[in-house]
Amino acid sequence: AQTVTQSQPEMSVQEAETVTLSCTYDTSESDYYLFWYKQPPSRQMILVIRQEAYKQQNATENRFSVNFQKAAKSFSLKISDSQLGDAAMYFCAYRRAQGGSEKLVFGKGMKLTVNP
Amino acid sequence: DTGVSQNPRHKITKRGQNVTFRCDPISEHNRLYWYRQTLGQGPEFLTYFQNEAQLEKSRLLSDRFSAERPKGSFSTLEIQRTEQGDSAMYLCASQGDNQPQHFGDGTRLSIL
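Residue numbers (the working numbering), protein chains in the order written: chain A, 1 to 116; chain B, 1 to 112.
These aren't lab readings, by the way, just hints derived from the structure by calculation. Backbone N, C-alpha and C fix where the C-beta goes; we use that ideal spot for every residue, glycine too. Each hint should be verified, as a subset may be incorrect.
[Unchecked claim] So these bits of chain A aren't anywhere near chain B, every CB distance computed over 12 Å:
#1 D26
#2 T60
#3 S76
#4 S80
[Stated by the list, open to error] Below, in silico cross-link-like pairs of lysine-lysine (DSBU-like), each with a Cα-Cα straight-line distance of 35 Å or less:
#5 A/K111 to B/K57
#6 B/K57 to B/K11
#7 A/K111 to A/K73
#8 A/K111 to B/K14
#9 A/K55 to A/K108
#10 B/K11 to A/K111
#11 A/K108 to A/K73
#12 A/K73 to A/K55
#13 B/K57 to A/K70
#14 A/K78 to A/K55
#15 A/K111 to A/K55
#16 A/K108 to A/K78
#17 A/K111 to A/K70
#18 B/K71 to B/K11
#19 B/K11 to A/K108
#20 B/K14 to A/K108
#21 A/K70 to A/K108
#22 A/K73 to B/K57
#23 B/K71 to B/K57
#24 B/K71 to B/K14
#25 A/K108 to B/K57
#26 B/K71 to A/K108
#27 B/K57 to B/K14
#28 A/K55 to B/K57
#29 A/K78 to A/K111
#30 A/K55 to A/K70
Let's have the full structure, built from the sequences with the hints guiding it.
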C-alpha cells in the first residue's frame, strides 16, 4: 500500500520569506501523481500544485514550486515570498496513474503559520 | 463552474441516530469520491463512484455506511446507528477526465 509521510506537524515563516515543506512517500509503482493541497481554517481543500512522476522537470505555479526527487521518494513544496493568506494546513497527496480508482492518499498535514 | 457543494455544513446528532449527507459535484465530472477527515489527520478515502457505479469501497466503510449516486449526478452518504467514532469531517470531491480532484467544504458531523 502507498503511504505518504509529512514529518513536520507545524512550521512558521515570516511574511515575504521562503519556506519549504517536506514530504516523503512510499510506493512500488513507477507512474503516479503527487499533489500539494492547501486547507485554510474552516474552508475547502484547494489544489496548490501537481507533479507527474514521469516528468523530470519540477512543477511551478507562481510562488509555489516543488523539488521532486523520484529515487529518494521525496516531494517538497517551496513557497516563496510568503503571504498572510498562505497560512493553512498543507497536505501532500499521492495518486496512482493507472488502474482502479484515482483515490488520493494523504499525509497527516502540516500547519503553516505566516507571521507579519 | 459552481464548485462541489455539500449539505449540510454541520450536523449534530445523538448516538444511535441515522444521518445522511449530500454532495453535488461539478456538473461535468463523472468521478465522485468520499473521504473522512478526523482532527489532526489527512483525509482518508471511503468510496468512489464513476458515474452511477460504486467501484471501490474502503475497509473503513463499515456495514453502517452506505453511499449512492443514483443518476450519476449527486451522491448521498448515509451512516446508520451513529457512534462516537463517526465524529469527523466528511469530504466529497469530484473529478473530470485527466483532471485533479476538486473538494467541497465538507460536512462536519458531531455525535453527542
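Hint check:
1. D26: Label holds. Min Cβ-Cβ 15 Å, cutoff 12 Å.
2. T60: It holds; A/T60 is separated from chain B by about 16 Å at its closest Cβ, greater than 12 Å.
3. S76: holds, 17 Å
4. S80: Holds, since 22 Å exceeds 12 Å.
5. A/K111 to B/K57: holds, 29 Å
6. B/K57 to B/K11: holds, 23 Å
7. A/K111 to A/K73: Since the Cα atoms of A/K111 and A/K73 sit roughly 22 Å apart, the hinted pair holds (cutoff 35 Å).
8. A/K111 to B/K14: holds, 31 Å
9. A/K55 to A/K108: Cα-Cα ~26 Å, so holds.
10. B/K11 to A/K111: Answer holds: B/K11 to A/K111 is near 26 Å, not above 35 Å.
11. A/K108 to A/K73: holds, 17 Å
12. A/K73 to A/K55: holds, 14 Å
13. B/K57 to A/K70: Answer holds: B/K57 to A/K70 is near 29 Å, not above 35 Å.
14. A/K78 to A/K55: holds, 18 Å
15. A/K111 to A/K55: Status holds; Cα separation ~28 Å.
16. A/K108 to A/K78: Given that 35 Å is the threshold and the Cα spacing comes to 18 Å, the pair holds.
17. A/K111 to A/K70: Between A/K111 and A/K70 the Cα gap is close to 25 Å, so the pair holds against 35 Å.
18. B/K71 to B/K11: With a Cα-Cα distance of about 25 Å, the restraint between B/K71 and B/K11 holds, given a limit of 35 Å.
19. B/K11 to A/K108: holds, 24 Å
20. B/K14 to A/K108: Roughly 28 Å between the alpha carbons, so the hint for B/K14 and A/K108 holds.
21. A/K70 to A/K108: The hint holds at about 21 Å.
22. A/K73 to B/K57: holds, 27 Å
23. B/K71 to B/K57: holds, 19 Å
24. B/K71 to B/K14: The hint holds at about 31 Å.
25. A/K108 to B/K57: Holds. A/K108 to B/K57 sits at ~21 Å (cutoff 35 Å).
26. B/K71 to A/K108: holds, 34 Å
27. B/K57 to B/K14: Within the cut-off at roughly 26 Å; holds.
28. A/K55 to B/K57: It holds: about 31 Å lies between the C-alpha atoms, which stays within 35 Å.
29. A/K78 to A/K111: holds, 14 Å
30. A/K55 to A/K70: holds, 10 Å
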